[in-house]
Every structure is written in structure tokens, then in C-alpha cells.
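K.L.:
Below are the chains, spelled out letter by letter.
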Amino acid sequence: DTTVKQNPRYKLARVGKPVNLICSQTMNHDTMYWYQKKPNQAPKLLLFYYDKILNREADTFEKFQSSRPNNSFCSLYIGSAGLEYSAMYLCASSRLGSSAETLYFGSGTRLTVL
Amino acid sequence: QQNVQQSPESLIVPEGARTSLNCTFSDSASQYFWWYRQHSGKAPKALMSIFSNGEKEEGRFTIHLNKASLHFSLHIRDSQPSDSALYLCAVSPYGGSGNKLIFGTGTLLSVKP
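Heads up: the protein sequence lines correspond to chains A and B, in order. The first sequence begins at 1277 in the working numbering and counts up by one. The second sequence begins at 17 in the working numbering and counts up by one.
Treat the hints as calculated values from the structure; they're not laboratory data. Any given hint might turn out to be false.
As the list claims (entries may be wrong) - Here are the simulated SDA-like pairs of lysine to any residue, each with C-alpha atoms no more than 20 Å apart in a straight line:
no. : chain 1 : residue 1 : chain 2 : residue 2
1   : B       : LYS61     : A       : LYS1339
2   : A       : LYS1281   : B       : PRO109
3   : A       : LYS1320   : A       : MET1364
4   : B       : LYS58     : A       : THR1302
5   : B       : LYS58     : A       : GLN1341
Stated by the list, open to error - If you only want the chain A side, here are some residues facing chain B, beta carbon under 7 Å, derived:
no. : residue
6   : PRO1319
7   : LEU1321
8   : ASN1347
9   : SER1370
10  : GLY1373
11  : SER1375
We put the CB at the ideal spot given by N, CA and C, even for glycine.
Please take these sequences and the hints and turn them into a complete structure.
P.N.:
Next up, the structure:
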């Protein structure tokens, strides 16, 4: 079962408040990713965990935090939401951390910041 | 910084047509080249990938890669209404850990019965 689950499907947040998005996978994959997608833009990689090691992209380094308490679960944390964080957030996992590996995506969480 | 561009932005074709989607990239050291498909409200799902120059066929879908031209494409034979979706091309950069896919903005395909 190649399933990545994301909760909730829709999330409303207030400017300046924290946001926590949740992702889980049951495939025992080593690597988990978070992408941000805005309308008419390409999905943008924010960060990924390779096993227990967090890798954050340089241009989003200070905006997003993440945790992976076990192999199956990964969260994305925004400390203080701004209007620019409104987007679809896609979680994905891959079996190993190599460029040959297929990424399996969840259906996403649509975050709206008001 | 890798730049991935897709064309066209959207496409409407009749059922049974052959459909061609294009993707260009800027980093010649890129390793793997992917097509993902996302039906409305669903998760993006990998369709096909290719590593070396040439063609690869899986059913009605063919992926073609020309690294020298920094171009790859997806061809759909006998397009079906169920093929209507957002098609995202993606490139795996060389080196490092993880498969840090860099995506294009997508082509929205509509296949009319």
C-alpha cells in the first residue's frame, strides 16, 4: 500500500499564529519531504528528512521547522504564519535517499492564512 | 539554480489523439527525469522516469530524453478522458542526499470525449 496521509485536508490560520501540519506513511520509507505549491507555480521543496537528519533549503531555512519523531511520521511547523504562507503543502516519501527513487505524495493540506 | 520549464501551459485534445508535453531544464548534470500526473483533488503520482538519452515506453506513454538539448517530453498515444489531469515534469539534481526533485509549473491536459 503506497499511501502517504496528510491531515488535515484544509487548515485555516490567523496571521502571527503557529501552524503545525502532519504527515504519515506506512511504507517504512527512509526519506520524507515537504513541498509548498502555490497556484500557477511549481511545487517548491522546503525541507526533507533523510532518516533522522533534517535538510532545509537555503531560501526557506528560517521560515519552516520540522520534526520526525519516528520513521512513519513527519510534521511541518510554521512559528508565525504570514499571508504569504497560504498554499498547498504536499508531503512525500521515498524508499531511499537517492535520485533514482520515486517520490510518493500525499493529497496535501491547503493552508489559508487570514 | 536549476530552472525547469514546461509547455504548453494547457492543452485540450480530442479522445484518441496523440498528445505531446514538453519540459526543458538548465542543468546538464541532472540525473533523472520524471513525469508526474495529478488528477484534480488527488496526490501527484509518478508516471515514468528516464535516466539516459533515448526513449522509454510504458503502455500508451512514451518518455523521450535529449540531454544535449536539455529537453525531455511525454507522449500519450490514444489519449483518454481519464488522462485529463495536471502533468508535472521534474528533474533530479546531481549528487547530495535525498531525491530533491525540481518541478515545472505543469501542463493542464483536458481530453474531450
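K.L.:
Confirm or reject each hint.
P.N.:
Now the hints, each set against the structure:
Under the criterion of a C-alpha separation no larger than 20 Å, the hint pairing LYS61 (chain B) with LYS1339 (chain A) is inconsistent with the structure, at around 27 Å. Taking the CA atoms of LYS1281 (chain A) and PRO109 (chain B), the gap is near 26 Å; set against the 20 Å cutoff, the hint is violated. The straight-line distance between the Cα atoms of LYS1320 (chain A) and MET1364 (chain A) is roughly 10 Å, inside the 20 Å bound, and the hint therefore holds. Of the supplied pair hints, the one linking LYS58 (chain B) and THR1302 (chain A) holds, its CA atoms being roughly 18 Å apart against a limit of 20 Å.
Simply put, LYS58 (chain B) and GLN1341 (chain A) have alpha-carbon atoms about 25 Å apart, too far for the 20 Å limit, and the pair is violated. Contact between PRO1319 (chain A) and chain B, as hinted, is supported at the beta carbon level, the nearest pair being about 5 Å apart and thus within 7 Å. Evaluation of the LEU1321 (chain A) hint against chain B yields a held restraint, the C-beta minimum of about 6 Å falling below 7 Å. Look at ASN1347 (chain A): its Cβ only gets to about 15 Å from chain B, farther than 7 Å, so that hint breaks.
Satisfaction of the interface hint for SER1370 (chain A) is found here, the shortest Cβ-Cβ separation to chain B being roughly 5 Å, below the 7 Å cut-off. Among the interface hints, the one on GLY1373 (chain A) holds; its C-beta lies about 5 Å from the nearest C-beta in chain B, closer than the 7 Å criterion. A hinted interface residue such as SER1375 (chain A) counts as satisfied when its beta carbon comes closer than 7 Å to some beta carbon of chain B; here the least separation is about 4 Å, so the hint holds.
The structure shown violates the earlier hints numbered 1, 2, 5, 8.
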